[in-house]
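Student: Once you have looked at the hints, place chains L and X on chain B.
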Amino acid sequence: MISSPTVASRLQGRSELGVALLLGAAGVVVFLDANGLATPYSRSDPVGPKTVPFIVAGLLVICAVLLAVNVLRGGSGEAEGGEDVDLAHPVDWKTVLPLVGAFVANILLIGWAGWVISGTVLFWGSVWALGGRHYVRDGLISLALSILTFYGFFLGLGIALPAGLLEGIL
Amino acid sequence: MDVFSSLMDGFATALTPMNLLYAVIGVVLGTAVGVLPGLGPAMTVALLLPVTYALEPTGAFIMFAGIYYGGMYGGSTTSILLNTPGESSSVVTAIEGNKMAKAGRAAQALATAAIGSFIAGTIGTTLLAVCAPIVVQFAVSLGSPSYFAIMVLALLAVTAVLGSSRLRGFASLGLGLAIGLVGMDSVTGQQRLTFGVPLLADGLDIVVVAVAIFAVGEALWVAAHLRRTPLHIIPVGRPWMGKEDWKRSWKPWLRGTAFGFPFGALPAGGAEIPTFLSYVTEKRLSKHPEEFGHGAIEGVAGPEAANNAAAAGTLTPMLALGLPTNATAAVMLAAFTSYGIQPGPQLFATEGPLVWALIASLFIGNLLLLIINLPLAPVWAKLLQLPRPYLYAGILFFATLGAYSVNLQAFDLVMLLVLGALGFMMRRFGLPVLPLVLGVILGPRLEGQLRKTLQLSAGDPAGLWSEPIAVWIYVVVAVILFWPLLMRFWRKARPEAVPAVAGRHVTTAPDAASTNDENADTRALDDGATDTSQTTPAGRQENP
Amino acid sequence: MSIIVGYLPTPEGTAALEAAITEARKNAKLLVVVNSSRGDALVDKRYAVNEEISGIEERLTKEGIDHLVQQPVRGNDAANEVLQAAEQHRAELIVIGLRRRTPVGKLIMGSTAQHILLEAHCPVLAVKAGQEP
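Here the protein sequences line up with chains B, L and X, keeping their order.
Taking the numbering used here, the leading residue of the first sequence gets 1, the next gets one more, and so forth.
Taking the numbering used here, the leading residue of the second sequence gets 1, the next gets one more, and so forth.
Taking the numbering used here, the leading residue of the third sequence gets 1, the next gets one more, and so forth.
Calculated directly from the structure, the hints in this document are not laboratory data.
Do not rely on the hints blindly, as some may be mistaken.
[Claimed, not checked] Below, computed lysine to any residue pairings styled on SDA-like, alpha-carbon distance capped at 25 Å: (1) K128(X) <-> E18(X); (2) K102(L) <-> E52(X); (3) K243(L) <-> L254(L); (4) K102(L) <-> I234(L); (5) K94(B) <-> K102(L); (6) K452(L) <-> S141(L); (7) K45(X) <-> R99(X); (8) K94(B) <-> V73(X); (9) K45(X) <-> R137(B); (10) K45(X) <-> L386(L); (11) K45(X) <-> R238(L); (12) K452(L) <-> V152(L); (13) K94(B) <-> M415(L); (14) K45(X) <-> P235(L); (15) K251(L) <-> T126(L).
The shape of chain B in the complex, shown without the other chains (with noise of 0.2 Å):
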């Protein structure tokens, strides 16, 4: 167990090695991408649609070099703070994930069960996932809120959200 600080700290060094690795790599798809541009010869247009691209490219992997040179020298980035925010303790897996899976479920349900069940699921799923066990009360609250937004946002603005199963009750 005394050697697990050092680990931790091995493993979070190399984990923002994986930040370079993705500017890297973000750079070498934008690099690839541009060079299969072709390039019509133009009078009008002597820049063509390659070269901010290759600007671009550049900028990513030069900052992914020296960001992983960076790293490799001990260096770290500042995670952001803030009001409601308190680095003192890990990121809490345990509450982002099932987040994650409130939202993902709502891009799932949307188109075919429709906004106020996607909605209502995506709301009740995150007020549980933060923390929220008052069953009963946070299923009305979702269920309202998703109600309020479908007529709100049809009525109002005049854009339909899918009605999914409940179409032709709602």
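Tutor: What follows is chains L and X alone, placed relative to chain B:
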């Protein structure tokens, strides 16, 4: 038409019942999000972007302006009563403000903050009304080369000056520019970075990007690090000030305004530096220097005036040049684009009535804010008892709703989640989000200007510096870029002259308040290559 | 065996504490003061500040009552925290404060007191504010 009559026309538009209603909604929402933890004006405006498609632009912008100013007012309330500055611009306010509140002078601290904000906001808006047309007159005489240079300056200044690490700032900028590339190339009509996905051909909707980065990323990030121990709020009655307080406040208000406006108007000037400068000045000029650190009213009056004047200042380049210098202005600019309004020097000419109504609404909003903030401060403080699950679930709910309602495509929600995860990762690893958003917004315009410039010069790169203004701007850009090198050189020459602040890591906002003095001093010395020995920006950037 | 009191920095909470102290004085037993917060809002008025807590501890020490002051922040309801403490210390009495609630308020928010009354395995003493026990 001269400024005055345009402004009067603006008032006529802004004072119609509908627009007045939008102003009221804006300032109430703005104050609420300023007070609420985890929400800020940039996030709120982003969340409201889709809703406003149904509104006509004037009403929408009047509401946005109210949210922007309201957020500034609301931020001071939490700084004073809780010592948790929600935005980096109110970090300095918390230093003396919270001490005052602890000493039982919360009412006076809130009053001097509110009245100071009102005065600074009013003077700042007047300066905006006077300066913006002058800047426009100057700007319309500029050609593409100069305009390209100014955009480069704005991007680099925000990237290199704000934030704790230049390297990470540039990484963020690179990602933003890459996102901005996605879609059809405007000149040749070829698809870039769409990977054959037809839904990407029109590019990523700026609404989706802004909502993902500011709202989803932030909500996930806060959810991962929820503060569990309840804080103690200092009970407060109705804000008021005695004669002595007025006497000690009015000069700091004016001086704070003088610091705030110019810094706000500069690219990357921001609201932090002027609040800090104001604090230091008041400390030096005060007849009660011994009170500083124990709740000196000057230390609240000056910085609060400075950050509100800076807010007005920020709108000058935004309206006159189409250049956003902070997160809220960036999102407002995105709103212009989504209405099909071309931001830039032509804005005053093409959308004159809209712009003047917006400026007039700022005066009205300021007055409304004073009216709703002075008697209602205790009510606003009650908002802090809202259970977090509802708050953050609500952010996710409305973020989803907003992003979905743009095109009614579930695909946008997938992008929202992916970009939200990116925003989460950036917060985790200290990549500032503002350069990314600016990159997305300004990137395509930058490319357009570049192509226009070289088209005029028939492909000769010298065309880029064919105007004297452009040359001067590139000199400034070079100075900003090579600032760390220059400083290192200077340090070598006179090693004793540089304050040595090393190895400090300030993470939580309340702590940041006490060490902000050093932070602001060394911000300019930051250098991406030596991150471990750096100070961090106090609190967080202007984003929510 | 012990007495559990659910404490809040309100008149009802203070009344409950007073009643609990009287009970504890009658037959010297362990007095457990529970002041919990769900910790789900930035500010919770029901969570007593440190000065209040140390004031209570001082007073109980002076009165010579065996005591334990807990301030759990675990995301649980106040009722659950009180019931848990009761279980753990094998309480023979739970003391709580009551306040007036509108019927609508009760419907929406539920009632901590009701929850404790229904679930407790021992007698519950409910006290109103401004009333001598």
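Student: Would you mind marking each hint as holding or not holding in the structure?
Tutor: A quick look at each hint next to the structure:
{"no.": "1", "hint": "K128(X) <-> E18(X)", "in the structure": "11 Å, holds"}
{"no.": "2", "hint": "K102(L) <-> E52(X)", "in the structure": "16 Å, holds"}
{"no.": "3", "hint": "K243(L) <-> L254(L)", "in the structure": "18 Å, holds"}
{"no.": "4", "hint": "K102(L) <-> I234(L)", "in the structure": "7 Å, holds"}
{"no.": "5", "hint": "K94(B) <-> K102(L)", "in the structure": "37 Å, violated"}
{"no.": "6", "hint": "K452(L) <-> S141(L)", "in the structure": "16 Å, holds"}
{"no.": "7", "hint": "K45(X) <-> R99(X)", "in the structure": "16 Å, holds"}
{"no.": "8", "hint": "K94(B) <-> V73(X)", "in the structure": "17 Å, holds"}
{"no.": "9", "hint": "K45(X) <-> R137(B)", "in the structure": "22 Å, holds"}
{"no.": "10", "hint": "K45(X) <-> L386(L)", "in the structure": "12 Å, holds"}
{"no.": "11", "hint": "K45(X) <-> R238(L)", "in the structure": "19 Å, holds"}
{"no.": "12", "hint": "K452(L) <-> V152(L)", "in the structure": "15 Å, holds"}
{"no.": "13", "hint": "K94(B) <-> M415(L)", "in the structure": "23 Å, holds"}
{"no.": "14", "hint": "K45(X) <-> P235(L)", "in the structure": "10 Å, holds"}
{"no.": "15", "hint": "K251(L) <-> T126(L)", "in the structure": "18 Å, holds"}
Violation of the numbered hints given earlier is confined to hint 5; every other hint is satisfied by the structure.
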